[in-house]
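Colleague: Given the coordinates of chain A, work out where chain B should sit on it, guided by the hints.
There are 2 protein chains.
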Amino acid sequence: MVKFVSVQNIVDLIQANGLEPFLQRLADYVEADFRRWGLFDKAPRVAAHSRDGVIELMPASDGNSYSFKYVNGHPKNPLMGLQTVTAFGVLADVDTGYPQMLSEMTIATALRTAVTSALAAKYLARPDAETMAIIGLGAQSEFQALAFSALLGVKKLRVFDTDAEATAKFKTNVGWLDLDIAYAASTEEAVLGADIITTITADKQNATILSDNMVGAGVHINAVGGDCPGKTELQRDILLRGDVFVEFPEQTRIEGEIQQMEPDFPVTELWQVITGQAAGRKSRDQITIFDSVGFAVEDFSTLRLVHDCIQGTPFYTDIDLIVAPDDPRNLFGLLAPVAGQGAGEGFHP
Amino acid sequence: MVKFVSVQNIVDLIQANGLEPFLQRLADYVEADFRRWGLFDKAPRVAAHSRDGVIELMPASDGNSYSFKYVNGHPKNPLMGLQTVTAFGVLADVDTGYPQMLSEMTIATALRTAVTSALAAKYLARPDAETMAIIGLGAQSEFQALAFSALLGVKKLRVFDTDAEATAKFKTNVGWLDLDIAYAASTEEAVLGADIITTITADKQNATILSDNMVGAGVHINAVGGDCPGKTELQRDILLRGDVFVEFPEQTRIEGEIQQMEPDFPVTELWQVITGQAAGRKSRDQITIFDSVGFAVEDFSTLRLVHDCIQGTPFYTDIDLIVAPDDPRNLFGLLAPVAGQGAGEGFHP
Chain A
285 MVKFVSVQNI VDLIQANGLE PFLQRLADYV EADFRRWGLF DKAPRVAAHS RDGVIELMPA
345 SDGNSYSFKY VNGHPKNPLM GLQTVTAFGV LADVDTGYPQ MLSEMTIATA LRTAVTSALA
405 AKYLARPDAE TMAIIGLGAQ SEFQALAFSA LLGVKKLRVF DTDAEATAKF KTNVGWLDLD
465 IAYAASTEEA VLGADIITTI TADKQNATIL SDNMVGAGVH INAVGGDCPG KTELQRDILL
525 RGDVFVEFPE QTRIEGEIQQ MEPDFPVTEL WQVITGQAAG RKSRDQITIF DSVGFAVEDF
585 STLRLVHDCI QGTPFYTDID LIVAPDDPRN LFGLLAPVAG QGAGEGFHP
Chain B
285 MVKFVSVQNI VDLIQANGLE PFLQRLADYV EADFRRWGLF DKAPRVAAHS RDGVIELMPA
345 SDGNSYSFKY VNGHPKNPLM GLQTVTAFGV LADVDTGYPQ MLSEMTIATA LRTAVTSALA
405 AKYLARPDAE TMAIIGLGAQ SEFQALAFSA LLGVKKLRVF DTDAEATAKF KTNVGWLDLD
465 IAYAASTEEA VLGADIITTI TADKQNATIL SDNMVGAGVH INAVGGDCPG KTELQRDILL
525 RGDVFVEFPE QTRIEGEIQQ MEPDFPVTEL WQVITGQAAG RKSRDQITIF DSVGFAVEDF
585 STLRLVHDCI QGTPFYTDID LIVAPDDPRN LFGLLAPVAG QGAGEGFHP
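Line by line, the protein sequences give chains A and B. Residue numbering for the first sequence follows this note's numbering, beginning at 285 and increasing consecutively. Residue numbering for the second sequence follows this note's numbering, beginning at 285 and increasing consecutively.
If you're looking for bench data, these hints aren't it; they were derived computationally from the structure. Mixed in with the good hints there might be a few duds.
[To be verified] As a list, the in silico DSSO-like pairs of lysine-lysine whose alpha-carbon atoms are at most 27 angstroms apart:
id, chain 1, residue 1, chain 2, residue 2
1, A, Lys326, B, Lys326
2, A, Lys440, A, Lys566
3, A, Lys455, A, Lys360
4, B, Lys455, B, Lys406
5, B, Lys440, B, Lys566
6, A, Lys406, A, Lys440
7, B, Lys360, A, Lys326
8, A, Lys360, B, Lys326
9, A, Lys439, A, Lys566
Note that this is a predicted model, so its numbers are computed, not measured.
For reference, chain A alone in the conformation it holds in the complex (with noise of 0.2 angstroms):
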């Protein structure tokens, strides 16, 4: 039997643990996973594009177990009441090849995400960096809210939205959290100070959300918004002011903010600054990109941390999902009590 984790079970699995403190527990099992890079088995993930979006599979194995999401990215979909992006993600076991777990992944894609932006700015921002200006209130700002405040301690923030009713949507959704926000009236207004800033607009085209005089000197920048082809939110001169740091330089390449740049543009990769391989921050007034754009091994760690954190408890059901007939060989007998009524007679073993 494969567990099945849905949608109800993620969020009473979530609530069980306490949200800051599972967002706590993933920053562990992503960092984890960053510090054993080299171990895991990684290829861009496999996208199929059409007029109106991207079907994507992200496959990813540290030899042991074996993962991989199903992500949609599908811009117009809110118009029509759906999620830009949805997605499931499937736990396997290498020796055997069977799946062990099936999970939603929607919520746990935006908790990763989130998580591994905290992660790459504990390494990228200055220590002392305190107010973070967050452009574009959509479905992942909150998560960034969060997950900077959890993690990292940053508790306020300046923030900017085109659209008064994601706002309002977020100012709502935010209201609980312990931090000290200013709504501004522009993208220059909110980043006015900041000493991060994250750049999360939802425009599927290439978009210049940030433009190079808007960021001073010693900021950290997290873009996480610019994550597919043809779709990019800050001005090429920042890159090239900057330094940046990426997941997977082979799929950030196609995907992330530097898609704008040579394909021989120099990037640190994260996991070596996680591992101490590679300088991070190397100055004060030094300006840090992290291009983010999201890689299989963070969503093989939140699936490990599911799978881990679901043994014993009700937030799983068991389905029928891998046949399992007496004999291996014998796939053929569970047609049995089909194959006489097919043959038009009756079964006769």
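Modeller: Frame of chain A; chain B shown alone:
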């Protein structure tokens, strides 16, 4: 909600349709998709190899629907009472990226593999072929026997396996079929006088199940067992003497019998034969070889059939795999009941 088709659902669905009628419908769907081959977004499967096996993802899309299959291949699994091959698949809507159906595919894969073999033989074997040899009586063998009988009227079988238990299982399972079966004492004896030779052994190694001297003029070889790197069944000389037909050359050159040959070894694509763009069998004496490895489009066809068949039936259940907040941008709101508790205080909207 996503429709979930369990193992039991598939068995019941096939029972409701009748096994042979269901195979016939599946053959129609597979042939229809081979006829519009050019429409498909195609790629070799994405494989994660490990010591004892492989886990693969097989995506395909016709621009309206998208499918992928998860499938493993672990030859040692039967020693642990597990299936060598298990699979499940998903059908999704390209316009929204939303998954529509999750289905078991272990049984479905066995059916589509056999159906594709029969489809290839319809175009490649001599029209008067009436005797088939089957070498290897594992999990796929009865499906091949049934498909060739139901779809091509091949009623005479000559079969062999080195394992007496596998042979006994086969004998029991096909007892109800209207077949004339000779149980041979060796591969050499089984292939004597056969018009079609199906090789479907399980060893994950380069083996010589069939050597050149066993293959007479005019034979069609349905080479099913050589289906991953390092696993072949035919002596190289046979491939040089006959004409080889494949599903998707980019994948077959990695996984099929032709992995033994140079990268430019000439092959003909099956869809070209089916659409009349390339010749199939050209003479009675020609040796034709279908180098079957299984391609994602066949799984697409299978999922499409299952999806069409289950509408209005009890053969699926809805599962809560994808979030559905009232406001699509308000993903965080789903955690509202969680949030307060996680922050150690009540939830204040």
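Colleague: Decide, hint by hint, whether the structure agrees.
Modeller: Verification of the hints:
1. A/Lys326 - B/Lys326: 21 angstroms, holds
2. A/Lys440 - A/Lys566: 24 angstroms, holds
3. A/Lys455 - A/Lys360: Judged against 27 angstroms, a Cα distance of about 24 angstroms means the pair holds.
4. B/Lys455 - B/Lys406: OK: lysine 455 of chain B and lysine 406 of chain B at ~25 angstroms, within 27 angstroms.
5. B/Lys440 - B/Lys566: 24 angstroms, holds
6. A/Lys406 - A/Lys440: Roughly 16 angstroms separates the two Cα atoms, so the pair holds.
7. B/Lys360 - A/Lys326: 25 angstroms, holds
8. A/Lys360 - B/Lys326: The hint holds at about 25 angstroms.
9. A/Lys439 - A/Lys566: 24 angstroms, holds
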